[in-house]
Amino acid sequence: LPIIIFANWRGFSGGQKDMYEQILKFGAEIVRALRGASAPVLVYIPPGAELRGGAWAVVDPSVNSLRMEMYADPEARGGVLEAEAIVEVKFKQRDILKTMHRLDPELQRIGARIAELKEQIKEISKGLDRRGSIDESLVRTDAGKAAETRVRELETELLAAEKTAKAREKELSPIYHQIAVQFAELHDTAERMLEKGCIFDIIPWRDSRRQLYWRLKRLLRQNEQERRIQEAVKPADKMEQGPAAATLRRWFTEDRGETQSHQWEHDNEAVCKWLEAQAADDNSVLERNLRSIQQDALLQAVNNLVVAL
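In full-length UniProt numbering, the protein residues as written are 1 to 309.
The hints are simulated quantities; they were obtained by calculation from the structure and are not laboratory data.
Honestly, I wouldn't trust all of these hints.
[Stated by the list, open to error] The list that follows gives simulated cross-link-like pairs (lysine-lysine, BS3-like), each with its CA atoms no further than 30 Å apart:
hint: 1; residue 1: Lys163; residue 2: Lys90
hint: 2; residue 1: Lys163; residue 2: Lys118
hint: 3; residue 1: Lys170; residue 2: Lys90
Work out the full structure: start from the sequences and follow the hints.
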């Protein structure tokens, strides 16, 4: 039987609850059933729905590329990883901090001041040893005492600036994280899925009933005629579904002409009605071509038998 799946699932988490409920086991059984499907299977992601993780792997059209197709509403989302997980993997906290210091004027000002303070401390402390104390000969002088006092003042100001920078980073961190999540979600839109070839088309919810109806009906009629083509050439050779579909498309172009050939890809209703009309007329292009290839296959089979004898 043909199947239409309205997908709004998240994947297998690996948690104790999922293991107890045997989510992985039943997911594998669904994949096994879909892989062996002989009728069309249409997967549709409704508006506001999400298809994530292991659930995506279960109903991915690559499970049965000959029978399965996936569609989505413009407001649907889908992907192997959720946006939060993508950010955790691809945009870690250290990357967020780098972005803050590159974009935020306040952090840039504080960063410039910290660099300036460090440079001043370095210049004044040229007479300091590695332990950070001033040489005894220098401490005895007024200049040495002034240098030591100035270094301590600068270090105090440096600590305050670094504390201010940390507070600013803490304030901005959730904002930048949320922006990163929103950016990651842009990669899960229907447009992105279509661009990457994950779905066949974007179908708005208001048009889904009509379009899915005609798509499913067209696929049923098309599969029926493809099987007839495969049966017709069976005496001489074995034909897979792909070549049979290409043959059927060639006959459609032969009957409708090059100017109407685009309908094969974009007008399911027109193709469905053409298939029904062709099957009902014994003198149609489809029926004549079927009889022709069947005769050729029988002749080829007889020739092969004669050669073998």
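Check your understanding: Is Lys163 close enough to Lys90, meaning Cα to Cα at most 30 Å?
Key -> Since the Cα atoms of Lys163 and Lys90 sit roughly 28 Å apart, the hinted pair holds (cutoff 30 Å).
Check your understanding: Are the Cα atoms of Lys163 and Lys118 separated by 30 Å or less?
Key -> holds (15 Å)
Check your understanding: Do the alpha carbons of Lys170 and Lys90 lie within 30 Å of each other, as the hint requires?
Key -> It holds: about 20 Å lies between the C-alpha atoms, which stays within 30 Å.
Of the hints listed earlier, there is not a single one the structure fails to meet.
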